[in-house]
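Given the coordinates of chain A, work out where chains B, C and D should sit on it, guided by the hints.
Given next are the chains, with one letter for each unit.
There are 4 protein chains.
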Amino acid sequence: MEEIKRFGVSIESGLLEKFDRYISSNNYQNRSEALRDLIRKELVHNEWTKTGEMVAGAIVMVYDHHRHEVVGRLIKIQHDYNSIIISTQHIHLDHDNCLEIIVVKGRLDKIDELSSKLKSIKGVKHATLSKSTLGKNI
Amino acid sequence: MEEIKRFGVSIESGLLEKFDRYISSNNYQNRSEALRDLIRKELVHNEWTKTGEMVAGAIVMVYDHHRHEVVGRLIKIQHDYNSIIISTQHIHLDHDNCLEIIVVKGRLDKIDELSSKLKSIKGVKHATLSKSTLGKNI
Amino acid sequence: MEEIKRFGVSIESGLLEKFDRYISSNNYQNRSEALRDLIRKELVHNEWTKTGEMVAGAIVMVYDHHRHEVVGRLIKIQHDYNSIIISTQHIHLDHDNCLEIIVVKGRLDKIDELSSKLKSIKGVKHATLSKSTLGKNI
Amino acid sequence: MEEIKRFGVSIESGLLEKFDRYISSNNYQNRSEALRDLIRKELVHNEWTKTGEMVAGAIVMVYDHHRHEVVGRLIKIQHDYNSIIISTQHIHLDHDNCLEIIVVKGRLDKIDELSSKLKSIKGVKHATLSKSTLGKNI
Chain A
1 MEEIKRFGVS IESGLLEKFD RYISSNNYQN RSEALRDLIR KELVHNEWTK TGEMVAGAIV
61 MVYDHHRHEV VGRLIKIQHD YNSIIISTQH IHLDHDNCLE IIVVKGRLDK IDELSSKLKS
121 IKGVKHATLS KSTLGKNI
Chain B
1 MEEIKRFGVS IESGLLEKFD RYISSNNYQN RSEALRDLIR KELVHNEWTK TGEMVAGAIV
61 MVYDHHRHEV VGRLIKIQHD YNSIIISTQH IHLDHDNCLE IIVVKGRLDK IDELSSKLKS
121 IKGVKHATLS KSTLGKNI
Chain C
1 MEEIKRFGVS IESGLLEKFD RYISSNNYQN RSEALRDLIR KELVHNEWTK TGEMVAGAIV
61 MVYDHHRHEV VGRLIKIQHD YNSIIISTQH IHLDHDNCLE IIVVKGRLDK IDELSSKLKS
121 IKGVKHATLS KSTLGKNI
Chain D
1 MEEIKRFGVS IESGLLEKFD RYISSNNYQN RSEALRDLIR KELVHNEWTK TGEMVAGAIV
61 MVYDHHRHEV VGRLIKIQHD YNSIIISTQH IHLDHDNCLE IIVVKGRLDK IDELSSKLKS
121 IKGVKHATLS KSTLGKNI
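Protein chains in written order, with our numbering: chain A, 1 to 138; chain B, 1 to 138; chain C, 1 to 138; chain D, 1 to 138.
Only chain A is shown next, with the shape it has when bound in the complex (with noise of 0.2 Å):
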């Protein structure tokens, strides 16, 4: 079990209510959790900000399955990237479209490179990178 350590804090009055009024509203149990979860996502926000970093995170897509080759395409390029995909989910929207969550894992400009290969291929009709965090140390 990792060590807790404990500090003091200074804040404004009136920005101390606007802070645990938002604390109410998004369902915090106390302030330390709300002010660790700010702190976490400034550093993860950071981490993608450096070329050569190791982050996690995942590619969603959504594409229609009846276009020429598309389904073969993004299969070719998932191999040729397996190293830094962990796996695919796949699911029906409906007759025509498509769900892929690709989960990745590796270095940050690998990850931006298959984003945007895949982001290109004809079919491909919207493509996210959702950027997430290894979680050590954080």
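Identical chains share a label here; the pair holds if one copy fits it or two copies do between them.
Only pairs whose alpha carbons sit at most 25 Å apart, straight line, appear in this in silico SDA-like list of lysine to any residue:
| no. | residue 1 | residue 2 |
| --- | --- | --- |
| 1 | K122 | L43 |
| 2 | K76 | K117 |
| 3 | K136 | N30 |
| 4 | K41 | D112 |
| 5 | K110 | V70 |
| 6 | K18 | F7 |
| 7 | K18 | K105 |
| 8 | K18 | E33 |
Don't read these hints as lab results, they were simulated from the structure.
Just chains B, C and D, lined up with the frame of chain A:
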């Protein structure tokens, strides 16, 4: 197969040159595909500003499964929102950290609510909501 | 002078270490100042999600003043919205391009409306809305 | 006057319909103007990912001028970075709060550095960096 329309676009030569460089460095095969992607990105972005809109996406979370009751709480909340959750995928990042991806489809405000509740649980280190689309007419 | 409150925060030692490195590389003098900044950033971000909220900010535009009627149109629209415009600053970037900064204060939905109208004018190459705050109790 | 080029775009009829609705609700006069804006937004966004790039923008800050030494510190830092600061505009929001807009032009990494230093000053409540462009060939 959906009907394809064609129309002409006017653009300054300097801007077109820069756009063509963008197209090739982002792996697009032609200008139409790159423009359709820019249009779709903008439309999906706008969908996510309308409270009652039906959308699809994924909540990507990292948490420490050793934390007291975190797993139980996550499952309880997910069951409360089972009508908008399609599936959950779980990855073991290391001895302590889990990456969990919850695929969601439903009203935007319900999805926001779920995302906020999951994020505030003690033990959940990071959570992002990847904003995607149902893919209809887009 | 506003009253200052003080409270204790609990945090894992690994996370605190990373936060302390963040603090020093971002020039903060102490943890309290860095935490207050994270809180204020989150609160201001939330202000900008509430339609009727009173906010302050700046619209930053780049345009080519040679373009037919662009200057006349910009002035006309700005006069239509004079109740939310505080001032306009104009910079000559080069022979063709102007950078114009319009400081705004008022209801969020009116500011969005103004921003959208300016952006759509032919000759306006780029426009962003910088989302700031009136600074009250924050 | 810059040369105008013209080319054809292919697009699914459903997507075009949605785009046409977007065009009219965003006050664009025609498809070309809306498309040029999407292209320029993407290109400017990309400019701000390249460390050595020359860019233009504005730092928008809110601060409490009563805070000990905040005004002196702001002026000192601005003088240290005078080579990238074009001008500063100051608005009195209320008895305590000032809105200050610093127009900047220069290397992206220097602008980031300035922005970070201003933000960390005690008394500065909020600071955002509005990422715009020099407007050349765009």
